[in-house]
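S.K.: Residues per chain are reported as follows:
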Amino acid sequence: MSRMEFRMQHSEFRTVVRLALGVALVAVLAIGDAFAQDAPPPPPRGRGAGAAGQAGPGGGRGRGGPEAGPIRRLPDGKPDLSGFYNGNGRGANYGLENHPTQGLTPGGQGIIVDPPDGKLPMQEWAKAELASRQTPARGYDDPTAHCIMAAGVPRAFYVPSPFFIMQTPTDVAVLFERMAWRRIPIDANRKHLPDNVRLWQGDSIGHWEGDTLVVDSTNFNGKPWLNEAGEITSHALHVVERFTPVNATTIMYRATLTDPIVYTRPFTIEVQLIRDPEGEMLEVACHEDNQDLQHMKDVKDAGTGLK
Amino acid sequence: MRGKILSVVAAVAFVLAAAPAIAHHSFAAEFDENKPIKLTGKVVEMRWSNPHAWIYLDVNNNGKTERWAFETGAANGLFRRGWRKEDLPAGTVLVIQGWQARNGSNTANAGSITFQDGKRLFAGSSNPNAERLLEGK
Chain D
1 MSRMEFRMQH
11 SEFRTVVRLA
21 LGVALVAVLA
31 IGDAFAQDAP
41 PPPPRGRGAG
51 AAGQAGPGGG
61 RGRGGPEAGP
71 IRRLPDGKPD
81 LSGFYNGNGR
91 GANYGLENHP
101 TQGLTPGGQG
111 IIVDPPDGKL
121 PMQEWAKAEL
131 ASRQTPARGY
141 DDPTAHCIMA
151 AGVPRAFYVP
161 SPFFIMQTPT
171 DVAVLFERMA
181 WRRIPIDANR
191 KHLPDNVRLW
201 QGDSIGHWEG
211 DTLVVDSTNF
221 NGKPWLNEAG
231 EITSHALHVV
241 ERFTPVNATT
251 IMYRATLTDP
261 IVYTRPFTIE
271 VQLIRDPEGE
281 MLEVACHEDN
291 QDLQHMKDVK
301 DAGTGLK
Chain P
308 MRGKILSVVA
318 AVAFVLAAAP
328 AIAHHSFAAE
338 FDENKPIKLT
348 GKVVEMRWSN
358 PHAWIYLDVN
368 NNGKTERWAF
378 ETGAANGLFR
388 RGWRKEDLPA
398 GTVLVIQGWQ
408 ARNGSNTANA
418 GSITFQDGKR
428 LFAGSSNPNA
438 ERLLEGK
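Protein chains in written order, with the working numbering: chain D, 1 to 307; chain P, 308 to 444.
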């Protein structure tokens, strides 16, 4: 195949992707309507949310510098968050705390802004479980290695993989290139799903506080890992995310995680989401040729005496 | 073809450091930092697949041909870095540095590839540490 032929195919592919994104959004919104309920949402419980424009630690501006222009807005005056983004995770996919590079595991600058020491306030049992997950034999247990669903909440916003935000006055949908999507209804009369419904990404409800989109999520199943390091959440997880646009290309993203089974107190992370006006979503069929899974299963079996 | 390959190398080399590595699993769990390898061979196939692309290399080991599989970044990540399907044809001679899989198979994570004329590419390794480790930084 010549380069021209390949690029023509790519052009057609992009058209297909655009159509697929549109269909996906319609499907997401339709599915969401089927779950619509009537009670008001729980009050926001976000901690330490910063004001619009407040810079975070190590917050590189990327494309979101002063030249980026003012916050984009929809006709109703609400910020327009839509577009193609990359999260500036600063190594959080390999540990939320500031940590050095160790062997093949990359270092990270740390994205925890509360508690002030930047440390995860883990309970003792969680420290032991984390140490176990960091042995090679446990690498197989990270659900993303199996290409299962999205990276989870909030991991999907700091993994090194782009995503596309679509927005209407009543819904925000996030399409993660690597896997899956997430729908956030903006509905002041909505309540969370019954407690016995447990989901990989939880059940999310959004509302606006000024220019900040606040998203309250519960009903998690406790299975996702927070990163490749194996940091932990349980089914008791409650996440309050705050999407605060700083300018036309940067969203300050904060998430406060409350999980009394795993942690001794809530903690808050912060990363920037950088919009790339030229970026486009590509197809990722994650399980197409997932040879890693067998390799990691071999290591797990060897580590547990099964092989 | 050689010119085409080198033009791609030159065009994309500067963006590699900034481009995020795309992976879905822990490198340290699958590959062994204590098993660095450096092999020379001919490309049998460049497979554009997910969640990682693979370079299959035939390596002459004392007269016996061994086939090795080198994991790179995901196909979408390689595409964004400027790689195209025709840029690494079968028969291309490469030196590939990386780390062998912990399961002991002829499988490795590709840290860098070097063409016969010495051009070196940190070519979409799924390991974001590859350049630092290979350069001893």
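For the record, the hints were derived by calculation from the structure and aren't laboratory data. Ideal placement from N, C-alpha and C gives every residue a C-beta, glycine not left out. A few of these clues could be false.
Derived list of chain D stretches under chain P, where covered just means 3 residues or more per stretch with a C-beta under 8 Å from a C-beta of chain P [claimed, not checked]:
#1 138 to 149
#2 263 to 277
In silico DSS-like links for lysine-lysine, alpha-carbon gap of 30 Å or less [unchecked claim]:
#3 D:K223 with D:K297
#4 D:K300 with P:K392
#5 P:K371 with P:K349
#6 D:K297 with P:K342
#7 P:K426 with D:K297
#8 D:K300 with P:K345
Label-pair distances were calculated between CB atoms; the ranges are [claimed, not checked]:
#9 P:K371 with D:K223: 29 to 35 Å
#10 D:G305 with P:S412: 16 to 22 Å
#11 D:K223 with P:A397: 39 to 45 Å
#12 D:E280 with P:G370: 44 to 50 Å
S.K.: Can the restraint linking K371 (chain P) and K349 (chain P) be considered satisfied, given a maximum Cα separation of 30 Å?
M.R.: Since the Cα atoms of K371 (chain P) and K349 (chain P) sit roughly 14 Å apart, the hinted pair holds (cutoff 30 Å).
S.K.: Verify the CB-CB distance for K223 (chain D) and A397 (chain P) against the hinted window 39 to 45 Å.
M.R.: Given range 39 to 45 Å: holds, Cβ gap about 42 Å.
S.K.: Just to be sure I understand the hint, the distance between the Cβ atoms of K371 (chain P) and K223 (chain D) should be within 29 to 35 Å; is that true here?
M.R.: 45 Å, violated
S.K.: In terms of beta carbon proximity below 8 Å, does the region 263 to 277 of chain D have 3 or more residues touching chain P?
M.R.: violated (count 0)
S.K.: If you draw a straight line from the CA of K300 (chain D) to the CA of K345 (chain P), is it 30 Å or shorter?
M.R.: 26 Å, holds
S.K.: Is it true that the C-beta distance of E280 (chain D) to G370 (chain P) lies inside 44 to 50 Å, as the hint says?
M.R.: Since the Cβ atoms of E280 (chain D) and G370 (chain P) sit about 48 Å apart, the hinted range of 44 to 50 Å holds.
S.K.: Hint check: K426 (chain P) vs K297 (chain D), CA-CA at most 30 Å. Holds or violated?
M.R.: 36 Å, violated
S.K.: Hinted pair, alpha-carbon criterion (30 Å max): K300 (chain D), K392 (chain P). Please report holds or violated.
M.R.: Judged against 30 Å, a Cα distance of about 34 Å means the pair is violated.
S.K.: Within the region 138 to 149 of chain D, is the number of residues with a Cβ closer than 8 Å to a Cβ of chain P three or more?
M.R.: holds (count 7)
S.K.: Confirm or reject the claim that G305 (chain D) and S412 (chain P) have a C-beta distance inside 16 to 22 Å.
M.R.: 20 Å, holds
S.K.: Can the restraint linking K223 (chain D) and K297 (chain D) be considered satisfied, given a maximum Cα separation of 30 Å?
M.R.: Distance ~18 Å between K223 (chain D) and K297 (chain D) Cα, so the pair holds.
S.K.: Assess, step by step, whether the Cα of K297 (chain D) is no farther than 30 Å from the Cα of K342 (chain P), and give holds or violated.
M.R.: It holds: about 19 Å lies between the C-alpha atoms, which stays within 30 Å.
Comparing the model with each numbered hint stated earlier shows that hints 2, 4, 7 and 9 do not hold.
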